[in-house]
Amino acid sequence: MADSNDSIPLDTEKIYFGGKEHHVRTRCGSLSVIVYGDQHKPALITYPDLALNHVSCFQGLFFCPEAASLLLHNFCIYHISPPGHEFLQLGAAPICPSASARCVDDLADQILEVLNFFGLGAVMCMGVTAGAYILSLFAMKYKKRVIGLILISPLFRAPSWTEWFYNKVMSNLLYFYGMCGLLKELLLQRYFSKQEVCGNTEIPESDIVQACRRLLDERHGSNVMQFLQAINGRPDLTSGLKRLRCRTLIFVGDSSPFHSEALHMTSKLDRRFSALVEVQACGSMVTEEQPHAMLIPMEYFFMGYGLYRPFHLSDSPRSHLSPSCISPELLSPESSGLNLKPIKIRVSHYT
Numbered sequence: 035m036a037d038s039n040d041s042i043p044l045d046t047e048k049i050y051f052g053g054k055e056h057h058v059r060t061r062c063g064s065l066s067v068i069v070y071g072d073q074h075k076p077a078l079i080t081y082p083d084l085a086l087n088h089v090s091c092f093q094g095l096f097f098c099p100e101a102a103s104l105l106l107h108n109f110c111i112y113h114i115s116p117p118g119h120e121f122l123q124l125g126a127a128p129i130c131p132s133a134s135a136r137c138v139d140d141l142a143d144q145i146l147e148v149l150n151f152f153g154l155g156a157v158m159c160m161g162v163t164a165g166a167y168i169l170s171l172f173a174m175k176y177k178k179r180v181i182g183l184i185l186i187s188p189l190f191r192a193p194s195w196t197e198w199f200y201n202k203v204m205s206n207l208l209y210f211y212g213m214c215g216l217l218k219e220l221l222l223q224r225y226f227s228k229q230e231v232c233g234n235t236e237i238p239e240s241d242i243v244q245a246c247r248r249l250l251d252e253r254h255g256s257n258v259m260q261f262l263q264a265i266n267g268r269p270d271l272t273s274g275l276k277r278l279r280c281r282t283l284i285f286v287g288d289s290s291p292f293h294s295e296a297l298h299m300t301s302k303l304d305r306r307f308s309a310l311v312e313v314q315a316c317g318s319m320v321t322e323e324q325p326h327a328m329l330i331p332m333e334y335f336f337m338g339y340g341l342y343r344p345f346h347l348s349d350s351p352r353s354h355l356s357p358s359c360i361s362p363e364l365l366s367p368e369s370s371g372l373n374l375k376p377i378k379i380r381v382s383h384y385t
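When you line the sequence shown up against my numbering, it's residues 35 to 385, in that order.
Keep in mind that the hints were calculated from the coordinates and are not lab data.
The calculated label-pair distances, taken between Cβ atoms and stated as ranges, are:
hint, residue 1, residue 2, range
1, 211, 178, 40 to 48 Å
2, 214, 245, 14 to 22 Å
3, 248, 74, 34 to 42 Å
4, 314, 267, 31 to 39 Å
5, 263, 103, 35 to 43 Å
6, 314, 344, 23 to 31 Å
7, 73, 196, 37 to 45 Å
8, 175, 263, 18 to 26 Å
Just so you know, even glycine gets a beta-carbon here, dropped at the ideal spot from N, CA and C.
Using the sequences and the accompanying hints, generate a full structural model.
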């Protein structure tokens, strides 16, 4: 690990349920990284969507007992927050307006600096929407540092005119009004299905939407605007997808505004190394809205790395991640017994 002067570990166990926060200084500013678990285990890094952090983006998945047992038994988790997106009460300050604007390449390069700081080699990556784009870009730039990608409602092309205009509206709202009510409504529609946001006559909106709304209140508008501007200026990654050789598992809700983006990305990836899971009655944040839908596909995905849920481990020790563990037929119906190209998962299966 880097010299201790480069990191500011905070005693945050009560807030993070056993996790520890580190502030890692990079060439483009400081990043908050929350570390859970045994650092001798293989690393899984996460990156959230716009205006979110690990609590608002991944808590549902890690609070799902089966998923938590699968992930925390096999990995040490490194939750990376975009610049200025850490918890406000733990010291997130507005990014100085005079600071040079970060582009998506800067954000991807920051991830490399985080990996080097913790002495990590090749890692598993999990990202949601904008975070999925940053991790995909990182995997293309630093192929030897990524062993696998789990992408939830990912972006990979340059913004369409519709998305570009939508993002410009949000950027103007942030500039003039900060984290106002209208902006939060636009973000919630980006994250969740209409059923979750609108609710019904008895319950106006779901608990997860209410919790997310409260967490959005803690965001600094200037910090969110910098991330939004970087994402709105992103280049198209299509040309690099065929050269992406790490395993890629994509989840997308069928109500996500980025559903067609995920389908198109899957069509451009090498079919030997990719799989798509469509989750019905779900928005972009499958990790929060339907986390149980991720369990079985992730189990099959990890089998190619020799990783299993704890009850499989009594007779055989856990294998470390390495390219030699990857089976080219991992996600084919013949090897896994499950059709993941695509599989549609209904809510009733998990209720």
